[in-house]
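Participant: Listed below are the residues making up each chain.
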Amino acid sequence: MNPGSESDDLDAWASKMLHVRAGDRRIAMPIEVVFEVGTPGPAVEVPHGAEWLHGLVQWRGRLLTLVDAGLLFGLRRSRAGKLVVMRNLNVETALAVDQVIGTECPDESAEVVLDAEMLRSHAAFQPGAAVILETAPEHG
Amino acid sequence: MTHWFKRQTSMRGRLSILLILLMVLPMVAVGWFGFQSLAAGNAEDVGNVHPDDIRNRAGLRISETVEGFEQGLQVALLDLSSRLVRLRGTDAASIRMAFGDLPPEQQPAVVAEMDTRGVIKPALGAEATAILKPFAQQTAPSRGYIALPGPGTDASSDAEQLYQVAIEPRTGGRAHIALRPMGGENGASLLSGLPLGSTVSRALTLANAPVQAREMGSHPDVGRREADAFAVHDGVSPEFWQTAITMDGRHPVHQVRIDETFIGGIALRDPAGEPVGLALVAATDHDLFPPFGQQGDPIAKIGSIIGWIAVMGVLLAIGMGLVAPRWVWRDIRASTDFIFNSVDRLRELVRRNSRALDEQSAVIKNLMDSMNSLDTASCSIADTSRVLAHSAEQSAWVSQSGNQNAETAQRGVVEVRDRVASLSDQMEELERRCAAIGSILGFIDHLSNETNDLSINATIQAAGAGGSGRQFATVASEIGKLADQARKSTRDIQQLIEQIQVSSRTTLDATKEGHQVADRCLDSFEELESAFARILKWVEQTTESAHGIEHSTAQQAESLQVVSQSIESLEQRARETVGNYQAVVEAADELAELGAEMNVTWRVG
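Here the protein sequences line up with chains A and B, keeping their order.
All residue numbers for the first sequence refer to our numbering, where the first residue is 1 and numbers rise by one.
All residue numbers for the second sequence refer to our numbering, where the first residue is 141 and numbers rise by one.
One or more hints might be untrue.
What the hints assert, rightly or not - In silico negatives: residues of chain B with every beta carbon more than 12 Å from chain A: (1) Arg-154; (2) Ser-156; (3) Ile-194; (4) Gln-211; (5) Arg-228; (6) Lys-441; (7) Val-451; (8) Ile-479; (9) Asp-484; (10) Gln-500; (11) Ala-502; (12) Met-567; (13) Gln-701; (14) Ala-714.
What the hints assert, rightly or not - With the Cβ distance kept under 7 Å, some of the chain A side facing chain B (calculated, not the full set): (15) Ile-31; (16) Val-34; (17) Glu-36; (18) Val-37; (19) Gly-38; (20) Val-100; (21) Thr-103.
No lab work stands behind these hints, which were simulated from the structure alone.
It should be emphasised that the depicted structure is a prediction, and the values quoted were computed from it without experimental measurement.
By construction, the Cβ of each residue, glycine as well, lies at the ideal position given by its N, Cα and C atoms.
All chains, please: the whole structure from these sequences, using the hints.
Facilitator: And the structure:
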């Protein structure tokens, strides 16, 4: 890193992309839409859901919609070895991916490059994309 | 007649008859001479003596006979007296000792003892006691005849009976008395035992008593005949008695002649000398002088017997001479035919035996050849057996050496198997440790993943923090790199571990296979050892059998030598037998010629 161009480095650092592998694709997405990565627990299948809807998974006390990134942005279902919790989208959701490669600068290694706008406008991340049955509120 | 005799007899038969006649005629002459001498002697005895002379001679002979009779009775009385001297007492044992060897009919009827008081035991009748007591009280022994009523001690019968009595005084006025009855069986036994001849009648009678048949002895020799002889002369008895008792000691016998019968009598006296009975003898002239035979010359009698035998022999010889040739000729003819047939059969048998001997010789020759071949074979077998025994001994040595090598190899295999087993254990332990390392590596990989996720999340959070999070993002990036390197290293280690595991599994499989191979090898070694043991045993048996065969073949060779010698001896005997058969045939031919000559000589056929 060159100290003389600290602002450029900061921009570069801020524009880093999160590279993941899902299905048969290497997908790059902007860090700003990523909340955290982790290892998912067992997912509950949603009956009559979309094909890319992997299911519902409990994550840190919340119920997230788990979307298969392989089918959503590629041709093959991912193994859902890792999940990427998304933010700044219309709904709280997470992507099921095979592997989290790391945060890297934008390059040409990614086969699918996602941006925030595209993700926000994607149907999969719109309200009602996943049918979630209301659960009875817990009464202390 | 001459022609008939010649036709019926052969020359030898006629010669035999002539020889018999020559032998028998002297014997006939001797017999004729003896017969003539016997007839002449009897004619002289009977025909040339005067009847008075005969009567005188008969009287003298009857007198001698009566005296002999009385002397015989005296001898019996002396025997009774001498036995009484040996009497020790009147108990049964003493009586049996003194009189036991006498015949039962000559036993004394009474053996009694008179004590110092004059009492006789066993008790006799009063009359008998009165008669005996005076004699018993004398100091000298006495003997004689007495007449007592009743038979012995039986007083129920009044008839008197004649007894021989012997009295032997003892010390202190005692005396032993023995009474033997002379009538019945006792008298008959005594009379039959006297040497008077069977043709003279004898009897004993009491004083003045007529001679009755009941008083005669009932012995067969002196039975009915005497009774008849004396009973006829009852009327003369009293006079005869009176005369007889008056005869003095020089001429004690009184005799009378009635018709052809002489009767002689002699008195029987008691111990005091008083007559109590008579001993009678009766005989006819015929009894005293038999007309022929008894007084004949013994040489003449023997000559007469020989002469009669010779006459019978002559007649028998003539008959046999006429009849026997016919029988003999037939027998000779049958015998010669039998001889001819036997000779023919003998020739046939000799021919058969000769053929059999020829065949036997051929068989013996073949047998000799076989024996020689067998001997050669036995020698070959013996040589082969020796070679076999030598080879078997070498095989035994090789088997023992192989067995020792096999045992050495077996011990090596056992050691290899044990080491392989130890290696297998070590490989299994290595497998377990690799598995443990893999487990640890998995946990490290999990930690690396988590660390990587944390570094990524830190980077994401640092990006959200803006400029203040830049350093933090750098640290997060370095942590992520370290985590990535750790993950890579973990994967490399994992690969190495996996390679080690693959190698260890391969080694383990190889060790297991080696262990199995070692086990199979040990099994093979055990089988090999067993096989070597069997081979050694077989070799020992083969050696023993080879030695046995060698020994047996040696014995067989010796036996073959003995058999060969026996066969040669047998062949020699066969040749000798052939020669003997030839001699037998020649002897048979000579026998046949002799039979033919005999047929011609005896005019047979």
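Participant: Does each hint hold? Answer for all of them.
Facilitator: Results for each hint:
no.	hint	result
1	Arg-154	holds, 166 Å
2	Ser-156	holds, 161 Å
3	Ile-194	holds, 190 Å
4	Gln-211	holds, 176 Å
5	Arg-228	holds, 156 Å
6	Lys-441	holds, 173 Å
7	Val-451	holds, 171 Å
8	Ile-479	holds, 141 Å
9	Asp-484	holds, 135 Å
10	Gln-500	holds, 116 Å
11	Ala-502	holds, 114 Å
12	Met-567	holds, 35 Å
13	Gln-701	holds, 108 Å
14	Ala-714	holds, 120 Å
15	Ile-31	holds, 5 Å
16	Val-34	holds, 5 Å
17	Glu-36	holds, 4 Å
18	Val-37	holds, 5 Å
19	Gly-38	holds, 6 Å
20	Val-100	holds, 6 Å
21	Thr-103	holds, 5 Å
The structure agrees with every numbered hint stated previously.
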